[in-house]
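Asker: Spelled out from the first residue to the last, the chains are:
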Amino acid sequence: MNRFEYVRPDTVAHAVKALADRDARALAGGTNLVDLMKYEVTRPSRVVDINHLPLRQIEPAPDGGLTIGALVTNSELAWDPRITKRYPLLASAILAGASPQLRNAATTGGNLLQRTRCYYFYDPSTACNKREPGSGCSAIGGVNRIHAILGASDGCIAVHPSDMCVALAALEAVVNVEGKDGKRSIPFSAFHRLPGSEPQHDNTMLQGELITSITLPASDFGSNHTYLKVRDRLSYAFALVSVAAALKLEGGEIRTARVALGGVAHKPWRDPDAEQALQGQPPAEAAFAQFADQILRQARGQGENDFKIELARRTMIRALRQAAAGTPQKQSDKFVL
Amino acid sequence: MKQSAVNGKVPISLVINKVRHELDVEPWVTLLDLVREQLQCTGTKKGCDQGQCGACTVLIDGQRINSCLVLAVTRDGAEITTIEGLADGADLHPLQTAFIEHDAFQCGYCTPGQICSAAGLLREGRAHTRAEIREYMSGNLCRCGAYTNIADAIEDVLRQRVSTKEAAE
Chain A
1 MNRFEYVRPD TVAHAVKALA DRDARALAGG TNLVDLMKYE VTRPSRVVDI
51 NHLPLRQIEP APDGGLTIGA LVTNSELAWD PRITKRYPLL ASAILAGASP
101 QLRNAATTGG NLLQRTRCYY FYDPSTACNK REPGSGCSAI GGVNRIHAIL
151 GASDGCIAVH PSDMCVALAA LEAVVNVEGK DGKRSIPFSA FHRLPGSEPQ
201 HDNTMLQGEL ITSITLPASD FGSNHTYLKV RDRLSYAFAL VSVAAALKLE
251 GGEIRTARVA LGGVAHKPWR DPDAEQALQG QPPAEAAFAQ FADQILRQAR
301 GQGENDFKIE LARRTMIRAL RQAAAGTPQK QSDKFVL
Chain B
1 MKQSAVNGKV PISLVINKVR HELDVEPWVT LLDLVREQLQ CTGTKKGCDQ
51 GQCGACTVLI DGQRINSCLV LAVTRDGAEI TTIEGLADGA DLHPLQTAFI
101 EHDAFQCGYC TPGQICSAAG LLREGRAHTR AEIREYMSGN LCRCGAYTNI
151 ADAIEDVLRQ RVSTKEAAE
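Those sequence lines, one after another, are chains A and B. First residue of the first sequence: 1, per our numbering; consecutive thereafter. First residue of the second sequence: 1, per our numbering; consecutive thereafter.
Worth flagging that the hints you see were computed from the coordinates, not collected in a lab. Note that the structure is predicted; figures quoted are calculated from it, not measured. C-beta atoms are modelled at their ideal positions from N, C-alpha and C, and glycine is treated no differently. Incorrect hints may appear among the rest.
What the hints assert, rightly or not - Take a look, some chain B residues computed to stay more than 12 Å from chain A by CB distance:
#1 LEU39
#2 ASP49
#3 GLN63
#4 SER67
#5 CYS107
#6 THR164
#7 GLU166
To be verified - In the BS3-like style, the derived pairs of lysine-lysine whose C-alpha atoms are separated by at most 27 Å in a straight line are:
#8 B:LYS46 / A:LYS38
#9 A:LYS330 / A:LYS85
#10 A:LYS17 / B:LYS9
#11 B:LYS9 / A:LYS38
#12 A:LYS183 / B:LYS2
#13 A:LYS180 / B:LYS46
Input sequences plus hints: build the corresponding full structure.
Answerer: Here's what the structure looks like:
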């Protein structure tokens, strides 16, 4: 790990000031930044310890939703009665990720900002456009079993590793940030970005901005939701494919459908046109298969990850079936209905 | 605003296994390296050093956390319990006794982390079934594959606690 200057501000204003330096990094739970520093993938000149900022509250939002402070840990969030009652999809997705130890340390803001787990990104001896812009992509034509099948570019085929963010995409959360020019709110779909020609940028935050909270809208999907994650081990592994699905059913028809995919792209993947097409359809196999096929029309494998296309199709159908039946996937008992 | 001094060190205060330590720590030192190298509490083990194996699990203010991913300066004021702090004098923690009774290890390297993690699991109170024990212990890898006996040991302690509680009621 490189040597760095350490500062521990007490206010968001002081933190924002300390983060103005181009090579400064905010440190919260440390579950990704510290290992990135150990691998020398990130070499900050200054580490801004934000753990003393007053960002640990879960509070009602003006529109009836909830605002979650950036420093609320993944464990606190997943087990908070307001979340388990009103946003069980979010609680389920959080519990599908990482381990209890990591969830006890990892924070809400940090979860949004975690970096890809692409093997090459973590290995400074290899080319990686995300780590070192312009150096090339070793995963294209390399070992790419875990990589993207949607929205990738010629410069990067990395995927976003978060489970929590897949649920937040489906719930249409809003990310609240603060920087030297003030506060702004970013819709979840516009927060993470596709790699394009600038894969070094995972998201649309500006240099020096800090996530202060996220807001969950008041929407309620009752019991018609699920978070279904498929991975190489039963637990404690990143998703090969995951699906957050939430449905509103009325009179035997789908009134609203929200479906986000994890493990398949540089950001949680949603297809509003395909979701729209589900409206008015009976919640049955034919509609689910049509939906999956529509989303995967643009899918492209990289060789080793070709299997993900069929896996994504089946996982979407299975997840929609679980959501429609009101039988969400349990994250401790791994039996899949 | 606390800041590292010119020599790079930051003064912090930690209670480790009920003993208060006033320390000057370089900000890049992990809690794992601090307890092992500076405080000679070598019970806590360094496995992967990347948050993937759980061998370094300790309790911070009662919560199980991977100490390899914690920069010690970020936990100024915290109360830390390592495997050395679980027993009550000569009386082993029930989990320690159960691990011995169930032969819940082979090489023993992951054991301090497994036991600290299981102590966190008991405190959380969310594991009630064997499937839940397995799920909530998934952050602790055992390369010898003693998982069956580890789950047995934890299940045993969990059952003892439930029956003690029921007897009290």
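Asker: Going back to the hint list, which numbers does this structure go against?
Answerer: 2, 3, 4 and 13
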